[in-house]
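Peer 1: If you're matching them up, the sequences are chains A and B in order. Last residue of the first sequence: 258 (the numbering used here), numbering continuous. Last residue of the second sequence: 321 (the numbering used here), numbering continuous.
Be careful, since some hints might not be right.
As the list claims (entries may be wrong) - Dumping the calculated DSSO-like pairs for lysine-lysine here, alpha-carbon to alpha-carbon at most 30 angstroms:
id : chain 1 : residue 1 : chain 2 : residue 2
1  : B       : Lys321    : A       : Lys233
2  : A       : Lys233    : B       : Lys319
3  : B       : Lys5      : B       : Lys166
4  : A       : Lys147    : B       : Lys13
5  : A       : Lys191    : A       : Lys69
6  : A       : Lys198    : A       : Lys2
7  : B       : Lys256    : A       : Lys254
8  : B       : Lys286    : A       : Lys233
9  : A       : Lys191    : A       : Lys2
10 : B       : Lys316    : A       : Lys254
11 : B       : Lys256    : B       : Lys13
12 : A       : Lys233    : B       : Lys316
13 : B       : Lys200    : A       : Lys254
As the list claims (entries may be wrong) - Some residues of chain B that are not near chain A, with every Cβ distance over 10 angstroms (derived):
id : residue
14 : Gly32
15 : Ala182
16 : Gly208
Just so you know, these hints were derived from the structure itself, not from any lab. In this text the structure is predicted, and so the values were computed from the model without any measurement. No residue lacks a Cβ here, since even glycine has one placed at the ideal position from N, Cα and C.
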Amino acid sequence: MKIVVCAKLAPDASDIEVRSDGSISLERAEWRIGSFDLQAIEAAVRLRDAHGGSVTALSVGPQRINHSKLRKDLLSRGPDELVLVAEDALNGADTAVTAQVLAAAVRKIGAVDLVLTGEGSADLYFQQVGLQLGELLAVPVFNAVSKIEVSDSQVRIERSLEEETEVLELPLPAVLAVTTDIHTPRLPNMKEILLAAKKPVYEWSLADLGLENTPEPRVEAVSLRAPRPVERKRILIEGSPEEAAQSLAGYLVKEGVV
Amino acid sequence: MADDKDVWVFSEKPALQAELIAGAQQLTSHTGGQVMAVVLGARSQAEQALEQGSQRVLWLGELPSGRLVEDIVPTLAASVQDKRPFGVIIGATIRGRAVAGRLAARLGVAALADVLEFQWDDSALLARHMVFGGGAVRIDRPLAGPVIATTGQGIFEAGALQARPKGEIEPLSWVEPPWQAAVIERRSRAVSSVNLSAAKRVVCPGRGVARQEDLGLIEELAQALSAEMACTRPLAEGLGWLPRERYIGISGAMIKPDLYLGVGVSGQAQHTIGMSESRVVVAINKDRAAPLMTQSDYAVEGDLYQVVPALIRALKARKAK
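Construct all of the structure, not just a fragment, from the sequences and the given hints.
Peer 2: What follows is the structure, encoded as structure tokens:
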């Protein structure tokens with residue numbers, strides 16, 4: 001079974017710096033594997049361990065994703081090999097561009113049975129790319145997948161919807177976006193970290209994928225700013241639990257909310 | 001019907017559909033087109049869309065058995081290509097997100113996800129949404145049409161129902177999907193469905209609550225306040241103490257109640273994005289430096305296991321007066 005797992009390498013949201021004018025700097029942010037993609041990697045590796053085959057990790061983005069630390073981090077989590085499409089033309093790529101480049105890379109990898117993605121990227125969390133990817137590949141695609149069972153050329157999945165769990169059976173190949181609770185991602189051990197350095201990394205250009213021109217963007221980001229903080233009264237209530245409770249109850253009455 | 005002016009809405013949830021219609025009206029007031037709902041369901045649901053303010057309805061009839069809502073994608077794509085609306089706003093449920101992403105790919109555009117507000121810059125549409133886990137606001141401009149956007153519950157306010165709506169219900173026929181998933185089973189997970197965005201008061205426990213059985217105490221507080229119980233994402237998804245539809249924040253519920261009371265909630269941006277527009281925000285936390293404590297109207301510093309019982313007593317005593 002040949003599995004591709006897509007992961008976004010992106011600046012860590014917790015490293016955002018807000019400038020005094022409300023603009024945002026990501027210059028000092030550390031780049032990481034998307035926190036929701038770790039579960040997809042874990043699911044891919046477990047399926048390979050159970051059914052045999054291989055896991056190819058796939059990431060597309062600007063040149064800075066081609067960094068030894070990120071490569072090692074991805075591969076130490078269990079994938080057998082890594083494909084990177086790292087070109088600055090892909091900096092800030094929209095979901096349509098990203099999905100097109102991923103689709104071209106999955107086609108080039110070839111004979112793929114299953115593509116897994118995370119629920120959404122850690123930075124933008126639009127939860128769109130996996131779905132667009134499946135549609136571009138013209139194969140069954142589902143989101144919110146919380147369980148995957150593979151048998152022959154079929155896959156049985158559970159989807160955790162808002163109010164129900166849905167069990168579906170679909171033919172392979174398929175693209176599945178997994179939930180954050182499908183598995184707890186492993187922490188790489190020393191052996192896997194050492195092994196990671198020996199695993200193959202393929203660096204493909206857009207031209208290698210047959211994309212002579214970067215796909216045209218469909219959405220332009222016009223501004224990125226810190227949210228305007230809502231003015232709050234910021235009244236700190238201290239004292240014994242009884243005093244604090246009485247004081248708060250009084251405020252709630254005054255506010256007209258009780 | 002003019003090209004590129006109408007705005008369509010689609011949601012499998014009638015309540016969300018009403019809100020999307022209100023959002024679509026904001027767009028058609030600029031484009032000059034009509035609001036049209038695409039309805040998958042009984043004829044009564046198509047009529048309901050007209051009552052909700054849709055000027056026309058594209059009606060697909062009831063979902064054939066064994067089919068999924070998501071199977072609407074090829075039908076929607078074909079209709080959009082044929083009728084050329086300005087855009088389609090889709091309810092940001094899990095199924096709605098799947099429909100939006102797939103539809104966008106078919107139409108060669110990028111869907112605008114979880115739009116919080118539409119704005120106009122002259123004739124260009126702008127969409128505001130949160131990124132970086134609520135840490136930043138991004139404004140996007142679609143460069144190509146049709147505009148495909150998703151919007152969650154509680155973003156647009158549904159208008160009043162119209163008593164005798166005059167709209168046309170136009171039948172739409174299914175386009176066969178190229179592949180089909182077999183539905184093996186559906187299990188209901190929620191004991192009762194909850195509409196958090198309609199609640200006036202919301203009590204929200206966070207990770208400061210140590211054990212699942214302690215939620216009884218928080219529920220008692222919610223009852224004393226006639227409030228709805230919500231929670232933070234880890235309580236619903238990691239721990240599974242409460243159903244998913246009760247968590248507030250990114251990919252969860254977006255609420256604007258009169259009162260939000262967070263108990264043992266640290267206040268990560270991923271959570272506060274969903275409640276920052278509450279009228280009165282109260283936090284109870286033993287750590288006065290917790291982010292939510294500094295973003296509250298009333299921040300009670302103390303052990304929730306002592307403060308909450310005292311607060312329940314105080315509220316009951318006031319009620320008894």
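Peer 1: Does each hint fit the structure? Answer for all of them.
Peer 2: Do the hints match the structure? See the list:
| no. | hint | verdict |
| --- | --- | --- |
| 1 | B/Lys321 / A/Lys233 | holds, 28 angstroms |
| 2 | A/Lys233 / B/Lys319 | holds, 26 angstroms |
| 3 | B/Lys5 / B/Lys166 | holds, 20 angstroms |
| 4 | A/Lys147 / B/Lys13 | holds, 25 angstroms |
| 5 | A/Lys191 / A/Lys69 | holds, 16 angstroms |
| 6 | A/Lys198 / A/Lys2 | holds, 20 angstroms |
| 7 | B/Lys256 / A/Lys254 | holds, 19 angstroms |
| 8 | B/Lys286 / A/Lys233 | holds, 19 angstroms |
| 9 | A/Lys191 / A/Lys2 | holds, 24 angstroms |
| 10 | B/Lys316 / A/Lys254 | holds, 16 angstroms |
| 11 | B/Lys256 / B/Lys13 | holds, 20 angstroms |
| 12 | A/Lys233 / B/Lys316 | holds, 26 angstroms |
| 13 | B/Lys200 / A/Lys254 | holds, 16 angstroms |
| 14 | Gly32 | holds, 24 angstroms |
| 15 | Ala182 | violated, 4 angstroms |
| 16 | Gly208 | holds, 15 angstroms |
In the structure shown, a violation is registered for the earlier hint numbered 15 alone.
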